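Participant: Taken in order, these protein sequences are the chains called A and B.
Going letter by letter, the first sequence gives residues 1 to 532 in my numbering.
Going letter by letter, the second sequence gives residues 1 to 262 in my numbering.
It is possible that part of the hints are untrue.
In silico DSS-like cross-links for lysine-lysine, where the CA-CA straight-line distance does not exceed 25 Å [said to hold, decoys possible]:
{"hint": "1", "chain 1": "A", "residue 1": "Lys341", "chain 2": "A", "residue 2": "Lys321"}
{"hint": "2", "chain 1": "A", "residue 1": "Lys419", "chain 2": "B", "residue 2": "Lys39"}
{"hint": "3", "chain 1": "B", "residue 1": "Lys56", "chain 2": "A", "residue 2": "Lys377"}
{"hint": "4", "chain 1": "A", "residue 1": "Lys119", "chain 2": "B", "residue 2": "Lys28"}
Example chain B residues on the side facing chain A (calculated, C-beta under 10 Å, incomplete) [as the list claims (entries may be wrong)]:
{"hint": "5", "residue": "Gln48"}
{"hint": "6", "residue": "Arg71"}
{"hint": "7", "residue": "His72"}
{"hint": "8", "residue": "Val98"}
{"hint": "9", "residue": "Asn201"}
{"hint": "10", "residue": "Gly232"}
{"hint": "11", "residue": "Pro235"}
The following label-pair restraints were derived from C-beta to C-beta distances [claimed, not checked]:
{"hint": "12", "chain 1": "A", "residue 1": "Pro67", "chain 2": "B", "residue 2": "Ser213", "range": "32 to 38 Å"}
{"hint": "13", "chain 1": "B", "residue 1": "Phe182", "chain 2": "A", "residue 2": "Lys205", "range": "58 to 64 Å"}
{"hint": "14", "chain 1": "A", "residue 1": "Asp531", "chain 2": "B", "residue 2": "Ser78", "range": "48 to 54 Å"}
{"hint": "15", "chain 1": "B", "residue 1": "Leu224", "chain 2": "A", "residue 2": "Lys419", "range": "52 to 58 Å"}
{"hint": "16", "chain 1": "B", "residue 1": "Ile143", "chain 2": "A", "residue 2": "Asp161", "range": "31 to 37 Å"}
{"hint": "17", "chain 1": "B", "residue 1": "Arg101", "chain 2": "A", "residue 2": "Asp161", "range": "29 to 35 Å"}
{"hint": "18", "chain 1": "A", "residue 1": "Pro118", "chain 2": "B", "residue 2": "Gly146", "range": "45 to 51 Å"}
{"hint": "19", "chain 1": "B", "residue 1": "Asp75", "chain 2": "A", "residue 2": "Lys205", "range": "54 to 60 Å"}
{"hint": "20", "chain 1": "B", "residue 1": "Leu212", "chain 2": "A", "residue 2": "Gly63", "range": "34 to 40 Å"}
{"hint": "21", "chain 1": "A", "residue 1": "Ser524", "chain 2": "B", "residue 2": "Phe182", "range": "27 to 33 Å"}
{"hint": "22", "chain 1": "B", "residue 1": "Ile143", "chain 2": "A", "residue 2": "Glu374", "range": "39 to 45 Å"}
{"hint": "23", "chain 1": "A", "residue 1": "Asp33", "chain 2": "B", "residue 2": "Gly215", "range": "52 to 58 Å"}
{"hint": "24", "chain 1": "A", "residue 1": "Glu374", "chain 2": "B", "residue 2": "Gln140", "range": "40 to 46 Å"}
By construction, these hints were calculated from the structure, which means they are not laboratory data.
Just so it is clear, the structure is predicted and the values come from calculations on it, not from any experiment.
Every residue, glycine too, gets a C-beta built ideally from N, C-alpha and C.
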Amino acid sequence: MKRTLTFSAAVSLLAATLPLAAQVPYDRLRQSDAEPGNWLTYSGNYSSHRYSGLNQITAANVGHLRPAWVYQINTTERVEASPLVADGIMYLSEPGGSVTALDTLTGRPLWKYTRTLPKGVRGCCGPVNRGVAILNDTVYVGTYDAHLVALDIKSGIVRWDSEVADPKLGHSITGAPLAIRDKIVVGMAGGEYGVRGFIDAYDAKTGKRAWRFWTVPAAGEPGIETWAGDTAKTGSATTWVTGSYDPDQNIVFWGTGNPGPDWNGDARAGDNLYSDSLVALDGDTGKLKWYFQFTPHDLHDWDATEVPVLADATVRGEKHKVVLFGNRNAFYYVLDRTSGKFLTGRQFAKQSWAKGVDDSGRAVVLPGSSPTTEGAKIYPDLSGGTNWFSPSFSPRANLFFVAARDSAGIYLKGNVEYKPGAQFNGGGQSPVVGEPPIGFIRALDPDTGELKWEFRLHSDANAGVLSTAGNLVFAGTNEGDFFALDALGGRAVWHFQTGAAINANPVSYLSGGKQHIAIASGNSIFAFALDE
Amino acid sequence: MRLACMIFLIALTAMAQPTTDPEYVIPKKNPFATAADLKNGQQLFMGQCARCHGSKGEGGRGAVLAQPRLRHAPDDESLFMVIRDGIKGTEMPAGYAVNTRETWQLTAYVRSLGRMAPETVAGDPKHGQELYRIKGRCAQCHINGGQGGSLGPELTDIGARRSAAHLRAALLDPASTLPEDFLQVRVVTEDSRNITGVRLNEDTFSIQVRDLSGGIHSFLKDDLKELQRDTGKSPMPSFRGTLSASEVDDLVAYLVSLRGNQ
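Just chain A, with the same shape it has in the complex (with noise of 0.2 Å):
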């Protein structure tokens, strides 16, 4: 009788609780920073700074830091999901582009949806999902079969499906989607199928695509003097990871991937636009408004798919609206997000491909630096200085982290044909024996990219970072560990053993009034609050 009593309240308390399903209309992502309570994109806020600015933990009680609970998903493909949270609801997609609605207060699912995969799917790296995107009364996901798919908020229940692209020929929807006044973007992976990259936007209530940028142009058009033959059929240029918006120009921030086939550029000589470029699109038409790219010709799978910042920066004296991007390359950027221009930049991680950046912020390119039919030993490796995994600025630290990687590979240039729907890669990477990736977590100067501290991991970085206004910084290691750095020092204050690989990125938000912290660990998901 008693626990028949005990249950019956708790379910009185719940349904007490819960609020109404969310709605989340464009002008609460819009101004999300005023309700830290919620994680309501992909990176916390349209500039992508993926930083919390609730402050209940700090290095003075982070010790109590505890789980409050885990969530385990029904899967043995790897996790990189970062959820949102709204009203006290967490949005979880899951490997493929399943979705998961779960009880923020017990971790307990509230709806599911399930993606059921179809043969012959193709993609290079596993059906992994970064997440979902909110707006009014919907949730969107990108799938591994490379749909749009909108659910209903209250039951996840599809209101629309759209086909992006064919599956079969290797297009796949790895990143989640960014919703935008009344548009849904979305970018697509399949780098190494020889696709040709682009990214989409869908209305958000119908699912009709309203536009599309193609990210390697076609013939006639400006940029295909940048590929040899025909070569920008080929020439990949995805866009797997979520960009970044700028609600007052109305513009769309997102980098692109590498250009293929990935190790071999003797078919496609010049520099390959729009590949391993941040490309600035008009977010009603998807025009271009600027591009800047990062490794011309690339030879070494160095994705600019990283998360673009965007910040007030003030360079040599002068205040800029500007993007900070940590790139794959080893380098950082910052650039004024009006124009393009680049503004700065310098290595935050171990290179020996380039001199360093003229003013332009080309690298200049030092010789034996491409893969050779032998192997070549190059720094950073194809994983690079950094990857998808996000970066965090605090405005109250003023201060840019990034997971960053030193690391050397061995270049190996192969043939390669192009055969639909096969992989298109052109040679490969073997590690350096002996000399394994090290990791780090590292605080730069947003202004300048100067090294403020680091903090080294015991092994490769693929994890990615949150701040907070508690001034911590959140991260997690191969070997499981979770941990909190003081924001200001890098000194680590806290630190709990998940039991398996973290490759995904932390959210923060509020459950019951306390401030948790969330994070992907192997196949679940583990939200920690204060005990006392």
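Using the hints provided, position chain B relative to the given structure of chain A.
Facilitator: Just chain B now, kept in the frame of chain A:
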């Protein structure tokens, strides 16, 4: 290209194989075994397999493949599955970066390695067994058929996993054949205890060590006065000078004969 694809040629991580069709009916006979397939299989092998198995399948970190019968893959069908799916509980990953045709081409090439002449091993394995037990005192640190100490690697099927040349090098110059992640460490605790042992595991904040008498310890790094990494050192003594050349031959012959349940 995304992060995981960076491991395209490294293939260290067991991941899903997106090109795998779970309903693919695996034929008993390799459908891609022409000379051209074999050549392509060799190229794939050099890129994806040779780092662990040796360029001629002579073994190393991975199993010896240049032998007529492979323990986990007695026929083409099972070899295809091993290459496609990996071997659970071992370091052999799924071949996620190769498609079905390429997996068959690898199968053809690996099978061809087994048709090469077997390695000639001089020495008397029976005498080697005696050396193993008495003069070498190998059982003090190695388990063989369920018997022995656990400080060193198990040797029950070492002959199926390592070449004679590799085993000879391990006996004469143990440091030259250490596994990639092997590390001997010395720690000094807050209460000034000195412990030397083999690292079992390590992360950013902690380290676990098996000491030379088999005791297991776990330390938070912040609690240690000193943590010294003896990279490239092995607790195993060299048998150079301890065993004669013919005794080394005999011991190698015995180790090569250890095939587990094969």
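Participant: Now look at each hint and say whether the structure bears it out.
Facilitator: The hints, checked one at a time:
no.: 1; hint: A/Lys341 with A/Lys321; result: holds (11 Å)
no.: 2; hint: A/Lys419 with B/Lys39; result: holds (19 Å)
no.: 3; hint: B/Lys56 with A/Lys377; result: holds (24 Å)
no.: 4; hint: A/Lys119 with B/Lys28; result: holds (23 Å)
no.: 5; hint: Gln48; result: holds (8 Å)
no.: 6; hint: Arg71; result: violated (25 Å)
no.: 7; hint: His72; result: violated (20 Å)
no.: 8; hint: Val98; result: holds (9 Å)
no.: 9; hint: Asn201; result: holds (8 Å)
no.: 10; hint: Gly232; result: holds (9 Å)
no.: 11; hint: Pro235; result: violated (19 Å)
no.: 12; hint: A/Pro67 with B/Ser213: 32 to 38 Å; result: holds (36 Å)
no.: 13; hint: B/Phe182 with A/Lys205: 58 to 64 Å; result: holds (59 Å)
no.: 14; hint: A/Asp531 with B/Ser78: 48 to 54 Å; result: holds (51 Å)
no.: 15; hint: B/Leu224 with A/Lys419: 52 to 58 Å; result: holds (55 Å)
no.: 16; hint: B/Ile143 with A/Asp161: 31 to 37 Å; result: violated (56 Å)
no.: 17; hint: B/Arg101 with A/Asp161: 29 to 35 Å; result: holds (32 Å)
no.: 18; hint: A/Pro118 with B/Gly146: 45 to 51 Å; result: holds (48 Å)
no.: 19; hint: B/Asp75 with A/Lys205: 54 to 60 Å; result: holds (57 Å)
no.: 20; hint: B/Leu212 with A/Gly63: 34 to 40 Å; result: holds (35 Å)
no.: 21; hint: A/Ser524 with B/Phe182: 27 to 33 Å; result: holds (30 Å)
no.: 22; hint: B/Ile143 with A/Glu374: 39 to 45 Å; result: holds (41 Å)
no.: 23; hint: A/Asp33 with B/Gly215: 52 to 58 Å; result: holds (54 Å)
no.: 24; hint: A/Glu374 with B/Gln140: 40 to 46 Å; result: holds (44 Å)
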